[in-house]
Amino acid sequence: MLDDNKKIIYTMRKQKPYYYGADMKKISFKMVMLIIIAAALLALSVMSVYIVEKDEQAVITQFGRYVRTEEPGLHMLIPYAERHINVPVKKILKQEFGYKSKSDNPNADFYRGKRELQEARMLSADMKIIQIEWIVQYKITDPKKYIFNVNNPIKTFRDLATIAMSQIAGDYLFDEIITIAKSDIVFKMQRLLEAMIADVDMGVSITTIQLMNVTPPQEVEAAYNEVLQAQQEKDKIVNEAKMEYNRKVIPVEGEAQRMIAQAEGYEAQRVKVAEGEAKYFESLYSEYIKAPDVTKKRMYLETISEILPKLEDITIIDENQKNLLPFLPLQSGSQTKGGK
Amino acid sequence: MNDPKEAVKEFKKQHGKNVTLAVILLAAIAVFLIMFSPFYILQETELAVITQFGRVRTSQTNAGLHLKVPAIDKVNILPKKILEWDGEVKQFPTYDKRMILVDAIARWRISNPELFFESLTNINNALARLDDILDAASRQVVSQHQFESLVRDSNRINNLDDKTMALLLQQGFSEEDLTHFPQLEVGRSVLASEMRKTVVADLNNMGIEIVNFYIKKINYIDDNLKSVFDSMIAERKKIAQTYRSEGDNYREKKFGEIDKRTKEIMAEAQMKSRLIMGEADAKAASIYNDAYNKNASTRDFYEFMKKMEMYKKIPDTATLVISTDSEFFDLFKKYK
Numbered sequence: 021m022l023d024d025n026k027k028i029i030y031t032m033r034k035q036k037p038y039y040y041g042a043d044m045k046k047i048s049f050k051m052v053m054l055i056i057i058a059a060a061l062l063a064l065s066v067m068s069v070y071i072v073e074k075d076e077q078a079v080i081t082q083f084g085r086y087v088r089t090e091e092p093g094l095h096m097l098i099p100y101a102e103r104h105i106n107v108p109v110k111k112i113l114k115q116e117f118g119y120k121s122k123s124d125n126p127n128a129d130f131y132r133g134k135r136e137l138q139e140a141r142m143l144s145a146d147m148k149i150i151q152i153e154w155i156v157q158y159k160i161t162d163p164k165k166y167i168f169n170v171n172n173p174i175k176t177f178r179d180l181a182t183i184a185m186s187q188i189a190g191d192y193l194f195d196e197i198i199t200i201a202k203s204d205i206v207f208k209m210q211r212l213l214e215a216m217i218a219d220v221d222m223g224v225s226i227t228t229i230q231l232m233n234v235t236p237p238q239e240v241e242a243a244y245n246e247v248l249q250a251q252q253e254k255d256k257i258v259n260e261a262k263m264e265y266n267r268k269v270i271p272v273e274g275e276a277q278r279m280i281a282q283a284e285g286y287e288a289q290r291v292k293v294a295e296g297e298a299k300y301f302e303s304l305y306s307e308y309i310k311a312p313d314v315t316k317k318r319m320y321l322e323t324i325s326e327i328l329p330k331l332e333d334i335t336i337i338d339e340n341q342k343n344l345l346p347f348l349p350l351q352s353g354s355q356t357k358g359g360k
Numbered sequence: 288m289n290d291p292k293e294a295v296k297e298f299k300k301q302h303g304k305n306v307t308l309a310v311i312l313l314a315a316i317a318v319f320l321i322m323f324s325p326f327y328i329l330q331e332t333e334l335a336v337i338t339q340f341g342r343v344r345t346s347q348t349n350a351g352l353h354l355k356v357p358a359i360d361k362v363n364i365l366p367k368k369i370l371e372w373d374g375e376v377k378q379f380p381t382y383d384k385r386m387i388l389v390d391a392i393a394r395w396r397i398s399n400p401e402l403f404f405e406s407l408t409n410i411n412n413a414l415a416r417l418d419d420i421l422d423a424a425s426r427q428v429v430s431q432h433q434f435e436s437l438v439r440d441s442n443r444i445n446n447l448d449d450k451t452m453a454l455l456l457q458q459g460f461s462e463e464d465l466t467h468f469p470q471l472e473v474g475r476s477v478l479a480s481e482m483r484k485t486v487v488a489d490l491n492n493m494g495i496e497i498v499n500f501y502i503k504k505i506n507y508i509d510d511n512l513k514s515v516f517d518s519m520i521a522e523r524k525k526i527a528q529t530y531r532s533e534g535d536n537y538r539e540k541k542f543g544e545i546d547k548r549t550k551e552i553m554a555e556a557q558m559k560s561r562l563i564m565g566e567a568d569a570k571a572a573s574i575y576n577d578a579y580n581k582n583a584s585t586r587d588f589y590e591f592m593k594k595m596e597m598y599k600k601i602p603d604t605a606t607l608v609i610s611t612d613s614e615f616f617d618l619f620k621k622y623k
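Residue numbers (this note's numbering), protein chains in the order written: chain D, 21 to 360; chain G, 288 to 623.
Don't read these hints as lab results, they were simulated from the structure. Treat the hints with caution; some may be incorrect.
[Stated by the list, open to error] Capping the alpha-carbon separation at 20 Å, the derived lysine to aspartate or glutamate pairs in DMTMM-like fashion look like this:
hint, chain 1, residue 1, chain 2, residue 2
1, D, K256, G, D535
2, G, K600, D, E322
3, G, K594, D, E297
4, G, K540, D, E264
5, D, K262, G, D535
6, D, K299, G, D422
7, G, K524, D, E253
8, G, K503, D, E326
9, G, K541, D, E264
10, G, K450, G, E435
11, D, K317, G, D535
12, G, K600, D, D162
13, G, K503, G, D419
14, D, K175, G, D373
15, G, K525, D, E239
16, D, K134, G, D612
[Unchecked claim] Residues from chain G that face chain D, not an exhaustive set, calculated with beta carbons under 10 Å:
hint, residue
17, E333
18, G351
19, Y507
20, E522
21, S573
22, M592
23, M595
[As the list claims (entries may be wrong)] Some chain G residues flagged as far from chain D (calculated, every beta-carbon gap over 10 Å):
hint, residue
24, L329
25, V356
26, K384
27, E405
28, N409
29, N412
30, D449
31, Q470
32, A488
33, A556
Fair warning: this is a prediction, and the values are worked out from it, not measured in the lab. In this text, a Cβ means the ideal position worked out from N, Cα and C, and glycines have one as well.
Modelling step: build the complete structure from the supplied sequences, incorporating the hints.
Here's what the structure looks like:
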């Protein structure tokens, strides 16, 4: 198709060479000039307009020299002489140390390569090795300083943050870092890092520092877990012993109370019995006193007559008989019993 | 003649000379402008040292459009920003003869462009010199201090507050573990500023200002790592053992307490019950006394009564030998 069209054009030229060429020359000179000027103007106007996004500021240089900072919106500059560099000033930027999140999703997996593990490795004040992973969130507060003052600002920032962390970790004991000192460390870290940043005047300010993960190195993790296990074992033993205490002591307390209650019962019974017997005696005595001899005799005889019929062996001896022995062999009943 | 290539050739034959001429002319103008331009542009991040035939004439640190002598002045552009020096991790011995890995890092800038240009000319040369000077400085300072001073920054751990102490003791550390830390005279940040001090003058003579000089990290050399891990493991094992022993200790104490407590409770109960019973017996006795011990007559009657009661309790199997002069059987012998 295209080849066909070209063929037609060349055919036309061939047929009317003069006409065609003269025509073109006349039109092209004015037109080309116009088109060139229009295009140049268009290009200039396009080049002189730029946009600053809503979370940015633009730093404008004129022949390389800083002239102004522009806020978000549509702006003009002088093409060629002026340049704009857009800097995200309102965005909170984040640097991760000791790990890399695979995406912006905070729940996504983390990546820890050799470099990350090395970065997280710190020495504690008791000369132990500890892995500290943390983040620093920051904002660019002065775009001019940020882009002009420091070569490679992100690397500088990361270096300073690492220096600060390693210095502060060096002042805390391993067990403090892993347990109670985290907020202390963050607080000190923020102050130290701010001072360090002020030294290089790089135009950023820190929003948040957060310790993400503080762990013993992999090589000793098993021993740390053993401590936890031992702790649980101890708790278990303690609880069991307490249980045993309750199991043994509480019943004994009951037993003690029972003993006391029994004693109290005994007391009640003993007193009542005594009172009863005393009353019985008193009433008997009040009768006896009326005729003591008769009563005594009666009681004696009554008693004897009650006992005697029940007894199996009774031996009555004469008071003048001095030797008892001759009588004894006759007592067959008691001997038979004693032999058994 | 139908071939478009032929048409182009035709055109070139007619206008070729003019086109070549125009191109050469434009190039010549460009070369002239570049070589003989009286202007140069300096960015905010740059500075320039102006040389004439290799000799430094002047320097320019302000950004913008500047004038120069065309063709004669040479503009040497250098960075004005703060630059980094990230030294390699080096193995240095400390004062207490321990080999450690030191990762030092510095930030620097060109403070005197003319001096810098004369002595070092460009950044690569400067970095090479910095390697020498800064490595030497860190080696020297490291060799003059003990390992602890390089890791720790203060004597904070020598003065732990009570709360921390209590927690650590609870974690299985002994009082002794927590008080043996060496007292430092200087710490890490002081060493860093010492390191910086030793190089300031030298670098100043080369037109370099050292903005900061830090020990980024201290690490054990690989040969020592294993023994560090081993001692960490040993310490944890000790702590684990402490927990286990504490558990056993608690159990034994508790069992002892159980024994003691049960005995105590029983003894006390026995004592109380004895007291109560004794009191009961005393009360009973006093009641009996009140009744039986009024006078000789009651005593006599009581005795008599009790005897009678006892007689009744003589078992059936008993053998009774009675004399005939007893009150009951006296009549056996003779009737009075």
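Each hint tested on the structure:
Using a Cα cut-off of 20 Å, the hinted pair K256 of chain D and D535 of chain G holds, with the two alpha carbons roughly 11 Å apart. For the hint linking K600 of chain G to E322 of chain D, the alpha-carbon distance of about 14 Å falls within 20 Å, and the restraint holds. A hinted pair counts as satisfied when its Cα atoms are at most 20 Å apart, and K594 of chain G with E297 of chain D qualifies at roughly 15 Å. Of the pairs offered as hints, the one joining K540 of chain G and E264 of chain D holds, with about 12 Å between alpha carbons and a cut-off of 20 Å not exceeded.
A hinted pair counts as satisfied when its Cα atoms are at most 20 Å apart, and K262 of chain D with D535 of chain G qualifies at roughly 13 Å. Between K299 of chain D and D422 of chain G the CA atoms are separated by roughly 115 Å; this puts the pair beyond 20 Å, and the hint is violated. Pair hint K524 of chain G plus E253 of chain D holds up; C-alpha atoms about 14 Å apart against a cutoff of 20 Å. The hinted pair formed by K503 of chain G and E326 of chain D fails the criterion: a straight-line CA distance of about 117 Å is larger than 20 Å.
Pair hint K541 of chain G plus E264 of chain D holds up; C-alpha atoms about 8 Å apart against a cutoff of 20 Å. Taking the CA atoms of K450 of chain G and E435 of chain G, the gap is about 24 Å. The hint is violated against a cut of 20 Å. With a C-alpha separation of about 78 Å, the suggested pairing of K317 of chain D with D535 of chain G is violated against the 20 Å cut-off. As the CA atoms of K600 of chain G and D162 of chain D are separated by approximately 119 Å, the hinted pair breaks the 20 Å bound.
Proposed proximity of K503 of chain G and D419 of chain G is supported: the alpha carbons are some 18 Å apart, at most 20 Å. For the suggested pair K175 of chain D and D373 of chain G, the alpha carbons sit about 10 Å apart, so the restraint of at most 20 Å is met. Annotation: proposed proximity of K525 of chain G to E239 of chain D holds, straight-line Cα distance about 17 Å (limit 20 Å). Annotation: proposed proximity of K134 of chain D to D612 of chain G is violated, straight-line Cα distance about 123 Å (limit 20 Å).
Taking 10 Å as the C-beta cut-off, the interface hint given for E333 of chain G holds, the closest approach to chain D being about 7 Å. Interface hint status for G351 of chain G: upheld, as the beta-carbon distance to the closest one in chain D is roughly 3 Å, under 10 Å. Because the smallest distance between the Cβ of Y507 of chain G and any Cβ of chain D comes to about 7 Å, under 10 Å, the interface hint for this residue holds. At about 8 Å, the closest approach between the beta carbon of E522 of chain G and any beta carbon in chain D falls short of 10 Å, and the interface hint on this residue holds.
Here the hint on S573 of chain G is kept, as its CB sits about 8 Å from the closest CB of chain D, short of 10 Å. Interface hint status for M592 of chain G: upheld, as the beta-carbon distance to the closest one in chain D is roughly 7 Å, under 10 Å. Checking M595 of chain G against chain D: minimum C-beta separation of about 4 Å stays under 10 Å; hint holds. Non-interface call for L329 of chain G relative to chain D: violated, since the shortest CB-CB distance, roughly 5 Å, does not exceed 10 Å.
Taking the minimum C-beta to C-beta distance to chain D, about 19 Å, the non-interface status of V356 of chain G holds against the 10 Å cut. Even its closest Cβ contact with chain D, about 15 Å, leaves K384 of chain G beyond 10 Å, as expected for a residue assigned away from the interface. Consistency note on E405 of chain G: stated as away from chain D, and its beta-carbon is indeed over 10 Å from all of that chain's, at 22 Å minimum. The beta carbon of N409 of chain G is kept farther than 10 Å from every beta carbon of chain D, the shortest such distance being approximately 15 Å.
Separation of N412 of chain G from chain D is adequate, the least Cβ-Cβ distance of about 17 Å exceeding the 10 Å criterion. For D449 of chain G, the shortest C-beta to C-beta distance to chain D comes to about 13 Å, beyond the 10 Å cut-off, and the non-interface label holds. At roughly 13 Å, the least C-beta separation between Q470 of chain G and chain D is larger than 10 Å, which holds for a residue marked as non-interface. With a cut of 10 Å on Cβ distances, A488 of chain G stays outside the contact zone with chain D, its closest approach being about 20 Å.
A beta-carbon of chain D is positioned within 10 Å of the beta-carbon of A556 of chain G; the least distance is around 3 Å.
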